[in-house]
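Protein sequences appear in the order of chains A and B. Here the first sequence stands for residues 1 to 167, where the numbers follow the working numbering. Here the second sequence stands for residues 1 to 329, where the numbers follow the working numbering.
No false leads were mixed into what you were given.
Now the stretches of chain A that chain B is said to cover, found in silico as 3 or more residues with beta-carbon under 8 Å:
1) 86-97
2) 130-144
3) 147-154
Pairs of lysine to aspartate or glutamate residues, derived as DMTMM-like cross-links and limited to a Cα-Cα distance of at most 20 Å, are as follows:
4) Lys136/A to Glu148/B
5) Lys97/B to Glu107/A
6) Lys102/A to Asp286/B
7) Lys136/A to Glu98/B
8) Lys162/A to Glu195/B
9) Lys92/A to Glu195/B
10) Lys97/B to Glu120/A
11) Lys299/B to Glu155/A
12) Lys97/B to Glu195/B
13) Lys136/A to Glu143/B
14) Lys97/B to Glu134/A
15) Lys183/B to Glu223/B
16) Lys136/A to Glu99/B
17) Lys44/B to Glu23/B
18) Lys2/B to Asp46/B
19) Lys102/A to Glu98/B
20) Lys292/B to Asp177/B
21) Lys102/A to Glu145/A
22) Lys102/A to Glu195/B
23) Lys103/B to Glu134/A
24) Lys75/B to Glu105/B
25) Lys103/B to Glu120/A
26) Lys162/A to Asp109/A
27) Lys92/A to Glu148/B
28) Lys136/A to Glu108/A
29) Lys102/A to Glu319/B
30) Lys102/A to Glu120/A
31) Lys136/A to Glu195/B
The hints are simulated quantities; they were obtained by calculation from the structure and are not laboratory data. Since the structure is predicted, the reported quantities are computational estimates derived from the model, not experimental observations. Beta carbons are placed, not taken as given, at the ideal position from N, Cα and C, and that holds for glycine.
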Amino acid sequence: MSSENKEQYFLSYEEIKELLEVFSQSEASELKLAMGDQKLKLMKASNQPASVVYPTETLQQPVAAPLSQVATTPVVEANVQPAEDPNLVEIKSEMVGTFYSKPTPDEEDYVHVGMNITPETTICMIEAMKLFNEVKSELSGQIAEVLVSNGQMVEYGQPLFKVRTNG
Amino acid sequence: MKTTKQKILHLLIKEAPNALSGEKMGQLLAISRTAIWKGIQSLKDDGYGIVSQGKNGYALPYLPIDEAKIRQQLKTHFLGQKMQVFPTIPSTNVFAKEEAQQKPENGKVYLAEEQTLGRGRLGRVWSSPKGKTIALSMVLTPEIPPMEASKLTQIVAAAFVEATKNIADVQIKWPNDIVINGKKLCGILTEISAELTQIHYVVIGIGINTNLSFEEMPPDIQEKATSLLQVLGKEIDPNHLIASFLTTFEKYYAAFIATGNYQPTLQICRQHSAVIGKEIYVIQQDSKRLAKAVDIDEKGQLLVQFENEKKTTPIFAGEVSIRGTQGYI
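Produce the complete structure using the sequences and hints provided.
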């Protein structure tokens with residue numbers, strides 16, 4: 001990667017999937033890859049599914065994400081589960097707190113099963129110490145399953161929704 | 001260049017709560033009384049609580065929010081440098097969020113003399129008659145992890161305590177209410193829009209009961225809420241309070257953002273806690289458990305000791321209410 005060339009190459013979802021496959025079949029226990037601001041780290045623990053680290057936006061919107069946005073997105077960690085359906089993605093809680101499926105008790109749920117969502121869709125609200133966080137989906141697809149109920153306490157990283165992405 | 005309407009409003013604000021005659025205003029602005037009358041009607045349509053007092057003329061029968069007066073006393077670097085004042089609005093938080101969604105302006109402050117759709121916990125609505133309360137929302141774009149944002153609510157509470165310490169001895173009902181004599185004086189609501197590790201914007205809304213009289217409150221609210229007027233026995237200048245609060249908040253906020261230092265806030269939250277040392281109910285989802293509030297930990301969580309338990313448990317979500325009190329808290 002030349003220093004005067006600011007344009008960065010980002011791995012696509014397909015490419016990360018491919019890397020994961022090759023990695024999981026290999027003898028290696030760890031793989032680190034850094035390209036500019038994008039970092040990928042694959043690790044194998046015994047009997048654990050491979051863990052992958054990536055900037056979420058890059059993975060979900062390899063084409064649409066503006067460069068500036070991707071470049072400033074810090075690296076986050078997520079677990080890729082060997083799901084029965086590779087297009088099913090889990091949206092996990094960003095914080096510990098109370099899960100609300102609707103903005104107020106009298107209103108409709110933000111989303112329901114079968115609903116199409118975009119990265120901008122507000123899917124739920126999580127409250128902790130009177131801090132109300134409206135959670136955006138950050139990916140496109142269709143809500144396949146709602147995993148928690150209104151008013152339920154959720155942990156950090158707890159799966160909230162299953163979303164069917166368009167592959 | 002000010003419009004005739006703005007000039008009339010400015011005169012009424014300067015004179016408030018006293019009346020100014022149409023004739024006098026006509027002379028001061030060198031326009032006809034008909035033009036004054038038209039201006040008054042238009043201001044009323046905008047939601048200003050102007051009353052006609054016969055021969056005496058027109059008056060704003062309360063101490064209005066006046067941006068110029070706030071600016072005279074404001075000692076901030078970024079907070080409130082941009083300000084928008086509404087006579088009436090459904091909700092300053094909703095408006096601030098809509099604007100922030102387009103383009104968040106760090107430090108912008110929205111003020112209203114009346115909210116028709118105040119947003120409380122779980123969307124509960126609180127009343128705010130014209131000119132008797134302050135609705136204040138501020139937009140912030142801190143570069144902190146979203147998990148840290150709950151500390152901002154506590155910084156607001158601490159700043160409010162500090163800003164009012166010379167006039168009243170207020171307490172913080174963890175985590176987001178300001179109370180006095182067991183009644184609610186002020187509520188804080190923090191809303192964020194964030195990704196996993198990055199905050200887009202924070203909107204913090206504060207509702208303050210300033211000059212609301214006992215009689216102006218519905219009976220069920222009289223038990224639960226109070227105002228600075230009721231506590232002090234005299235009207236307070238909302239502009240002074242707003243300037244003082246914003247100046248204090250910016251000081252604590254800037255220190256927290258720059259250094260992560262949250263200790264001054266914690267100290268105030270502990271010293272002025274309405275719950276520490278009390279028997280409380282912790283209400284989470286469908287359960288209501290008796291506990292003793294022991295302390296506030298370094299993260300700002302309430303440490304409680306549940307009935308029949310030796311260990312302390314940090315509380316970060318749900319509601320707390322103080323046992324044996326009739327009122328709001």
